[in-house]
Amino acid sequence: MRHWRREFSRRHIDIGGRYASMSEFLQFFFSGLTVGAVYALVALGFTLIYNASDVVNFAQGEFVMLGGMVTVFASAAGVPLPLAALIAICVAVAVGLLLYWLAIAPARGASAVSIIIITIGASIFLKGGAQVAFDKQFHKLPSFSGDAPIDVLGASILPQSFWVLGGTLAAVLILYVFLEKTLVGKAVLATSANRLAARLVGINTATIMALAFGGSAAIGAIAGILVTPITLTSYDVGTMMALKGFAAAMLGGMGNPLGAVVGGLLLGLLETLGAGYVSSTYKDGFAFVMILVILFAMPQGLLGRRTVDRV
Amino acid sequence: MKIHNLNQLNRRAVGCLLGISVFGLAVCGPAYAAETIKIGSVLSITGPASFLGDPEDRTLKLYVDKINAAGGVAGKKIELVVYDDGGDANKARTFATRLIEDDKVVAMVGGSTTGTTMAMIPAFEEAKVPFISLAGAIEVVDPVRKYVFKTPHTDKMACEKIFENLKQRSFTKVAMISGTDGFGASMRAQCLKVAGDYGIQIVAEETYGPRDTDMTAQLTKIKGTAGVQAVVNPGFGQGPAIVTRNYAQLGMSGTPLYQSHGVASKSFIELAGPAADGVRLPAAALLVGDKLPDSDPQKKVVVEYKQAYEASAKQPVSTFGGHAYDGLFILVDAIKGANSADSGKVRDEIEKTKGFVGTGGIVTMSPTDHLGLDLSAFRMLEIKGGDWTLIQPGS
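Top line first, the protein sequences correspond to chains A and B. Just so you know, we're using numbering that gives the first Met the number 0 here: the first sequence kicks off at 0 and counts up by one. Just so you know, we're using numbering that gives the first Met the number 0 here: the second sequence kicks off at 0 and counts up by one.
So here's chain A without its partners, still in its complex pose:
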């Protein structure tokens, strides 16, 4: 502790005042936002499926892995990057739909817990499949617009970070417009609010659920594609993503799309600020302790699920 304080004060004296600590803060802040944006996308995927079917899909992280890995292998095979990304999204959506039709739909009558366990099994299966279909090495993608960092008030930010942030924003906006402004989106909301009532007014809830799985697979794949140039990818990146994304969704309030985004960004910020200002050894611990504190105070999460919906 004494050592840490000495380090801290010396840094402030040597680098000189507010500019250095400001640029340091900005560096932590943007790193946290980038990492958090990915958690937000994964959390959004959780939310979409949870809303449509009350299932927490722990295979969500595997869609992130598929997005990254398929893009890497397709572009290695000579496919141009944008097309490779599109292929990856299609593969992930196909896997999401197959997951629903082959594993979730047949277990329709089962309790939510059983279905959650099925998704864990699916996650292990997908990871194993990826290990065989691809390989066990780490892979990278080229950055979309170069590697030269951009200087923002003394903090160096990779152009790819802006892609991640912009991509997340676009995904959230599209999802919002889809859910609030389209008939199919309204049907998804109606299914999430009350499945029986939705069926009574003529909504095909099975189709809606398949749509939710496909949609959340696409969101996951987009996250994987956007972030791979920064974080690298391998067959087993999904597990950690699912855990962090789940934590983010819980933090924001399970079932609330806006909460998922807020929770994801906050989790990313807690991690980097924890690493920067507390201790890098305990950064995960710091983030999770903060989540526990928030959930003790607000058991529904920051933006807990709305109990009344107007559809």
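Source of the hints: derived by calculation from the structure; they are not laboratory data. As the structure is a computational prediction, the values presented were derived from the model and not from experiment. Check before you lean on any hint, since a few could be wrong.
Computed, partial: chain B to chain A, Cβ under 7 Å [said to hold, decoys possible]: (1) Lys103; (2) Thr212; (3) Thr215; (4) Leu291.
Computed from the model, here is a short list of chain B residues facing chain A with C-beta under 8 Å [as the list claims (entries may be wrong)]: (5) Gln217; (6) Thr219; (7) Leu249; (8) Pro392.
Ideal Cβ placement from N, Cα and C applies to all residues, glycine included.
Since chain A is already given, all that's left is putting chain B on it; use the hints.
This is chain B only, laid out in the frame that chain A set:
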């Protein structure tokens, strides 16, 4: 009756040969067993440590076949018994017992990870069967155990090699950023222990988790620490590649960055990309075999091994397979030296290994040193233009 028996024996022998020539299998095991020397191996061929076990397995099989094709050792063929522990220490222990009790092996070359090795050591010590481990940590041979040897360099040596280079460049204030996985944590501890011997002061210390994807926060703190002359990154896997990329992102490339032997593979350069330029690391000669001067005693061994491995496995050579090569040939030399397949005599000969030129270095063992490598086994490399370059000593 006797003649009849002899005839039968002959017929059996002919059948045996036919079996071998047609199927390439030891279909006549029992009649043949006395003529072979059994060497055991427990490797992590599948599972999370498969990047270690897989090349080790391929290397052992490749060279046992080569040795047998050339007539075997002391007139006897080698019979290799390999088990895959999948990286699981419990399984490794079970297979170790099976090698000793059922297969009755003369010696064992294996143990891909420190975890599996440590689990198997008691079985081999108790049965008095020599065990040449392929695991990295210094705990395997420190304290020295009578029947346990190892071939890979230790993380302590890597620290010493890095600090030696820092000292030559008159750097004394160093920051460390370490992975919290087994490799990173162990090397970090060794580095802290030996830093004082080289007059190195660790002025900042950060860590990152094995699955972390962003280390800019930690590096920003190091960047903000006054007087840091160099940064050392003990780590393994993708972590160091991300550290290297973040390092360049933050514009810290003016301060020398040292990576460990844990990332000494082409995939590190690929993953880190242009950011890897200027990074230094200690590595085995195998990595730069074709760049070694012809006068280098290791050149012939490493170039031959690289060619043989790549021709047979169709994948780039790794230092891990090299460890298995070294272990196998130290054992073969010991069996030749003992002119016997008696475990006790072979053990004594392994301990007397002197001047053995392997892929990992020149090995000279003693009763107090069951590794037998010194710092010359490591070469200090710098990455330039996406390739390794040898650094002249003293620069």
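We went through each hint and held it up to the structure:
| no. | hint | in the structure |
| --- | --- | --- |
| 1 | Lys103 | violated (34 Å) |
| 2 | Thr212 | holds (3 Å) |
| 3 | Thr215 | holds (4 Å) |
| 4 | Leu291 | violated (27 Å) |
| 5 | Gln217 | holds (5 Å) |
| 6 | Thr219 | holds (5 Å) |
| 7 | Leu249 | holds (5 Å) |
| 8 | Pro392 | violated (32 Å) |
Of the numbered hints stated above, those contradicted by the structure are hints 1, 4, 8, listed in ascending order.
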